[in-house]
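As given, the protein sequences belong to chains A, B, C, D, E and F, one line each in that order. Following this note's numbering, the numbering of the first sequence begins with 1 at its first residue and continues without gaps. Following this note's numbering, the numbering of the second sequence begins with 1 at its first residue and continues without gaps. Following this note's numbering, the numbering of the third sequence begins with 1 at its first residue and continues without gaps. Following this note's numbering, the numbering of the fourth sequence begins with 1 at its first residue and continues without gaps. Following this note's numbering, the numbering of the fifth sequence begins with 1 at its first residue and continues without gaps. Following this note's numbering, the numbering of the sixth sequence begins with 1 at its first residue and continues without gaps.
Because the hints were derived from the structure by calculation, they are not lab data. Be aware that a few hints might be false.
No distinction is drawn between identical chains; accordingly, a pair holds when it is met within one copy or between any pair of copies.
[To be verified] Below, a list of computed lysine to aspartate or glutamate pairs in the DMTMM-like style, where the Cα atoms sit at most 25 angstroms apart:
hint : residue 1 : residue 2
1    : K217      : D74
2    : K244      : D10
3    : K56       : E100
4    : K217      : E100
5    : K217      : D20
6    : K217      : D79
7    : K56       : E221
8    : K244      : E100
9    : K217      : E84
10   : K244      : E84
11   : K244      : D79
Single-letter residue listing:
Number of protein chains: 6
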Amino acid sequence: MSSLEWSASDTARLEAIRDDLAQVSTATAFHQLYERGWRNTYMQGLRPLQELGLGKRQVGRARTVRYLMRRGPDIPPPDAATREAARQRRRVSPEIVLIESLEPDDIFCVDALGVTTAGVIGDILTARIQARGALAAVIHGVVRDTPFVRSLGLPVYCAGAHPSASGRDLVPVDRDTPVNMAGAQVLPGDILLADDEGVIAMPLDLAEYVAAHGPAKEHLELWIRARIEAGGSVHDYYPPTPEKVEEYRRETGRTLHP
Amino acid sequence: MSSLEWSASDTARLEAIRDDLAQVSTATAFHQLYERGWRNTYMQGLRPLQELGLGKRQVGRARTVRYLMRRGPDIPPPDAATREAARQRRRVSPEIVLIESLEPDDIFCVDALGVTTAGVIGDILTARIQARGALAAVIHGVVRDTPFVRSLGLPVYCAGAHPSASGRDLVPVDRDTPVNMAGAQVLPGDILLADDEGVIAMPLDLAEYVAAHGPAKEHLELWIRARIEAGGSVHDYYPPTPEKVEEYRRETGRTLHP
Amino acid sequence: MSSLEWSASDTARLEAIRDDLAQVSTATAFHQLYERGWRNTYMQGLRPLQELGLGKRQVGRARTVRYLMRRGPDIPPPDAATREAARQRRRVSPEIVLIESLEPDDIFCVDALGVTTAGVIGDILTARIQARGALAAVIHGVVRDTPFVRSLGLPVYCAGAHPSASGRDLVPVDRDTPVNMAGAQVLPGDILLADDEGVIAMPLDLAEYVAAHGPAKEHLELWIRARIEAGGSVHDYYPPTPEKVEEYRRETGRTLHP
Amino acid sequence: MSSLEWSASDTARLEAIRDDLAQVSTATAFHQLYERGWRNTYMQGLRPLQELGLGKRQVGRARTVRYLMRRGPDIPPPDAATREAARQRRRVSPEIVLIESLEPDDIFCVDALGVTTAGVIGDILTARIQARGALAAVIHGVVRDTPFVRSLGLPVYCAGAHPSASGRDLVPVDRDTPVNMAGAQVLPGDILLADDEGVIAMPLDLAEYVAAHGPAKEHLELWIRARIEAGGSVHDYYPPTPEKVEEYRRETGRTLHP
Amino acid sequence: MSSLEWSASDTARLEAIRDDLAQVSTATAFHQLYERGWRNTYMQGLRPLQELGLGKRQVGRARTVRYLMRRGPDIPPPDAATREAARQRRRVSPEIVLIESLEPDDIFCVDALGVTTAGVIGDILTARIQARGALAAVIHGVVRDTPFVRSLGLPVYCAGAHPSASGRDLVPVDRDTPVNMAGAQVLPGDILLADDEGVIAMPLDLAEYVAAHGPAKEHLELWIRARIEAGGSVHDYYPPTPEKVEEYRRETGRTLHP
Amino acid sequence: MSSLEWSASDTARLEAIRDDLAQVSTATAFHQLYERGWRNTYMQGLRPLQELGLGKRQVGRARTVRYLMRRGPDIPPPDAATREAARQRRRVSPEIVLIESLEPDDIFCVDALGVTTAGVIGDILTARIQARGALAAVIHGVVRDTPFVRSLGLPVYCAGAHPSASGRDLVPVDRDTPVNMAGAQVLPGDILLADDEGVIAMPLDLAEYVAAHGPAKEHLELWIRARIEAGGSVHDYYPPTPEKVEEYRRETGRTLHP
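The shape of chain A in the complex, shown without the other chains:
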């Protein structure tokens, strides 16, 4: 069961905006989406295991996996035959199929119900996600083996750490379906934007909107901040009065986005 719809032209559209979108902070992008009525695009409380650095961002396509609470027994395979059967089932298990189908610039996205008592991925799966070319892993839940995971260099966003494997409490149920990521609705094929403040999700057309208008907003905010740091007051610069808008135009040749 998969609902990922993505065409070659979508790839082209994403590539066309990647650099512009990466100039936009999640704060600015969130606000531009919010102004258009989009309230719930941010994944609350999913923090980077390791910070990217100021101004560094990831832009990628969401590939999703959904877990539910495990209900039946979780029995370690007692013999070789059972082990082999488990290995065969794992070949078609949603999270493995998804990982093995990751394409460069995908972002691996897991709704694990926010459960904090079982790690969804550890160092080996993270290494494979990275080797497939994915840009990041985002887990609505926790991660195991965090010291090693951090050492791999792949950006990982999650709600904390637990040494258990996922099977203690969770089972994967489907992939490339709509999921809840810590309060954000995420559809397969959504565009994700991640920086040290966290991760936001939006459909491709809104990502194009943000890529088109966000950099100008960032440019303006930078100019405002410089003025404020130089002693300008909020009354004059934030938002800018018509005089200051004119000053901005004069100095930078830019006008305000409408």
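The hints should help you fit chains B, C, D, E and F onto chain A, whose structure is shown.
Positioned in the frame of chain A, the structure of chains B, C, D, E and F alone reads:
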């Protein structure tokens, strides 16, 4: 996207066990499932808006709807054309399609992420669920119009009340798919057992197991409780010593389930 | 420090709408406010200590008190002089001044930060609130002496019970100022509407809007529910198709509110 | 490992104060303890499964059991020999030993860490607790079989319901030791006072203090409430001015407790 | 509505103690306040976005802003006239007025109800707070633009990050009024002491007390710690026996604070 | 009341496995325990104040202290005699006796009920714990003086910081007894394994099991990760197919642990 698999023979199997299963408390049924390695069959914190009464139970088939956080704007239709378009979209909206496809003895089951800030159903949808012949509504989330909903007589289990309609924070995304019901994994077509302690979910074959062995367990526990109330000690009766097992056999003609 | 602004004409306006507003459920009122962009009018989790009954509602004017965490010592007066000084301070303490200034049809409204470890009012203050003619007490926090408080008959909404007096953890800081009531912003002089689903707050002009349009909405919903109970489908009646709108008009002589 | 110290003279002391203490509400008792510097005597959030009724109270001696999280496997006995071994171990298990040693007027008191995912007692153990003459059961955790437990008539205070037996998540570790009851420290042999507001714990000597001074406080408060209900103001009566103290003395022949 | 009372002599008093107070850790200061009966002076869970470093502290005057939940619509200005009106309203909005009235050595203090779904300040307001000479910003809520905010160098204490601007969920209601800062009561003009453990608040006279006695306490604790690190036992040194008090006096010429 | 049972041979057994156990990550150790049916060995949410570094681990013996909520007054000694009496009581207070009885390679383990409003240890007690030769301190609760504590170099795991001393809300009740450490059951004499993911607890015999089998598991996982990083797929390597098991054997001379 629906994954409900259910045949006429499943209906026959359910009817065959309905009365036996209804003799089993959720506590006993939970325990029998737990002894077979099933940990997460109970929906934690979903309480009846109105109690059924001691020994009263509902047994039905799970029909599921899944909500996610709404992200885009929720704009009331400004004119007749827009209203009509909204009405048409609603015809194919998962929760409406599901309600209009409910069959007698179904239990309406909504995963609303446990969100407490928007009521998933109110009096009118509840009335329709009831009119379709459903046995109960179970909401992993909250309900609006609770004073009226309670007056309708349909058993409703939920996590509380909020006067808002669902659109404030939620949107339906699919139906008859696996869902998380307050910590229990529920698949479409699962058998639900509900009493005043709450609701548990299990697949049909395990429901048959519980229906086959649960009533004997209830009978034994009743006998034990009578002995305890008459002054018997836990050491002798709970669990019963071999002597007391023999006493039980002598008095009731029953042996212990293995 | 008080910001209650209320004129005789406001009293007249409130009296003019009281009966109409009392015909509107908090669910319907919430939704009408929400459709006009008002999201946070409901006090989440403040439940009635004792239910009013189906269709019973309270409509009153908000009179507010604000508590903060007590920081200094809470020493019982060791002698008569200290006791007298404490009694004099209490005469001007915000919560006492507010209670002694309550007018008939006021609703006593306390922001106690949602603290659950100290009861804000007990049986005696509740009795005085009732004797002053207030319609209800709403506590964003908990209440002590709940068995007795319940026996008084005044509707009390709160987040639970604690046997402690407020001084264990709280001190009153001001009255008739804007407060946070469990997620709802409440200004002194707001109109409160309470039923068994809880309490919502709105300014007088919006209360007039709800009083003007809410009863028609309730009437329509009642008619829809009757149709649904008689076997009508959601597709036809909720929202009603143009045909059903016409049927409603024919039967009741009413048209839909715009 | 038990630290219950209790002598025949303690029994006599408890009997001597039982009736007086039962005249004192938990709210008044809490406050009298608080005034002497005792902050944490109330078990927060432990509510009666069934209310006692206005003015009804239980006074008893705390007998405690302590649970921790189960860590090892919880395997149902596969054969008769294992079952017998399990039954023998259960004979010396702390919670069973404690139950079988309960004496009339004891209150069964379990620290189950507030865990809500496994019921500590069900109908049979509750029946035995009742048959031993205990006055109530108080569970810092949840209870299973709640519909049946409620039907037994023994007052049970707890944090909710779960159909699981305790073994799913908990194991008993000792009895008659100090425990944490929902924020109250409880020592074996403490005196518990319970009404519909909840349960408070205190050592015997403080129970004597409350029994000595509480009834007078309740009498005064009743008189004050009557005055308030008759229209008296908080300024005059709560606390009473010297004039009102005199009025109280004149009417009732009583003076204020110091 | 402002209740800041502050005179030139208060400024002098603050300057007189600033250096001494900065020698006292929040842990020692908290304890000295606690010993005088002050329980709630610490802002729980408000952590520095960036650490100050061992022994580094900020001492300043609290300037407060209070937010409540936004209830009405938050509509982006659709045209120039509306934008200008919004800009004019913003000139008198409490948080802006407060920021523009900050004086050197003030600490900007916002009660945003602990809401984690909307950032109260971002990089530009933080830059202005810093440019006004304020020493720190403390937010009972969250901050947006955290990567940039951290890069500015102003110490910021908060409960986390969210990319949204405050308007999504919050509105400012007043300034220089008493506020709840994560469990601490803070009055305008209180003295705040902040280090890497967090922030505590106290009135000026108690700040003088702590400045007078805290440094001696820190000196003693340092001496004790050195003794402990050299192998001394807790029995001898913590608290010090009379012999060790004498040893301290002999070595350092200091006596214990009473 | 102490239940620590520990013999010289236990010391020898611990020393024999220390180095091997330190090669095993908490993630691997957790999983090996889990496969044997041990679910609750991890202390959830207790994080290192300062990280140990990748691959660094601590292995020690658990020495436990248990706190409950303080209920009686916490009065600073008003005069020298009272101070001396307090000092004498402190000599036999469980947490002090435990600290003064710590032996090299012990790990100081405090169950403070997870309370976040009072720090259990500060810099001086931490210094003493370190001077006694303990390897780490683990607090199910919070720590005060965290900036100084961190500077000492002893690994400390806890749930956060609070400047208060423990007496504000807590009292020690016993030592070397079973405790709840953030969801893990810990018995005195258990073996603790700590790294930057957190702390797990197990009895000595299971520690021997993990020490015997864990290093091989780590070796295999390292080999798998290298293969994955080199482009191997999950299907082939995780878990390894029989071919890959053979490849592992050929390259490393090792076989899989059964």
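So, going through the hints one by one against the coordinates:
For the homomeric pair K217 and D74, the shortest alpha-carbon distance between copies (20 angstroms) is at most 25 angstroms, but the shortest distance inside one copy (52 angstroms) is not. Proximity of K244 and D10 under a CA criterion of 25 angstroms is satisfied in neither setting, with 39 angstroms inside one chain copy and 38 angstroms between copies. For a Cα distance limit of 25 angstroms, the shortest separation of K56 from E100 qualifies neither inside one copy, at 27 angstroms, nor across copies, at 32 angstroms. Proximity of K217 to E100 under the C-alpha cut-off of 25 angstroms is restricted to the inter-copy arrangement: shortest distance 24 angstroms between copies versus 38 angstroms within a copy.
In this assembly of identical chains, K217 and D20 lie within 25 angstroms of each other by CA distance solely inside one copy; the values are 12 angstroms within and 45 angstroms between copies. Taking identical chains as interchangeable, the C-alpha atoms of K217 and D79 lie at most 25 angstroms apart only when they sit on different chains, with a minimum of 18 angstroms there against 61 angstroms within one chain. In the homo-oligomer, the alpha carbons of K56 and E221 lie at most 25 angstroms apart inside one protomer (17 angstroms), although the nearest pairing across protomers, at 32 angstroms, exceeds that limit. With identical chains, the CA atoms of K244 and E100 are at most 25 angstroms apart between copies only, with a shortest distance of 18 angstroms across copies and 53 angstroms within one.
Only between protomers do K217 and E84 lie at most 25 angstroms apart by alpha-carbon distance; the minimum there is 19 angstroms, versus 56 angstroms within a single protomer. Proximity of K244 to E84 under the C-alpha cut-off of 25 angstroms is restricted to the inter-copy arrangement: shortest distance 13 angstroms between copies versus 70 angstroms within a copy. Proximity of K244 and D79 under a CA criterion of 25 angstroms is satisfied inter-copy only: 17 angstroms between copies versus 75 angstroms inside one chain copy.
Comparing the model with each numbered hint stated earlier shows that hints 2, 3 do not hold.
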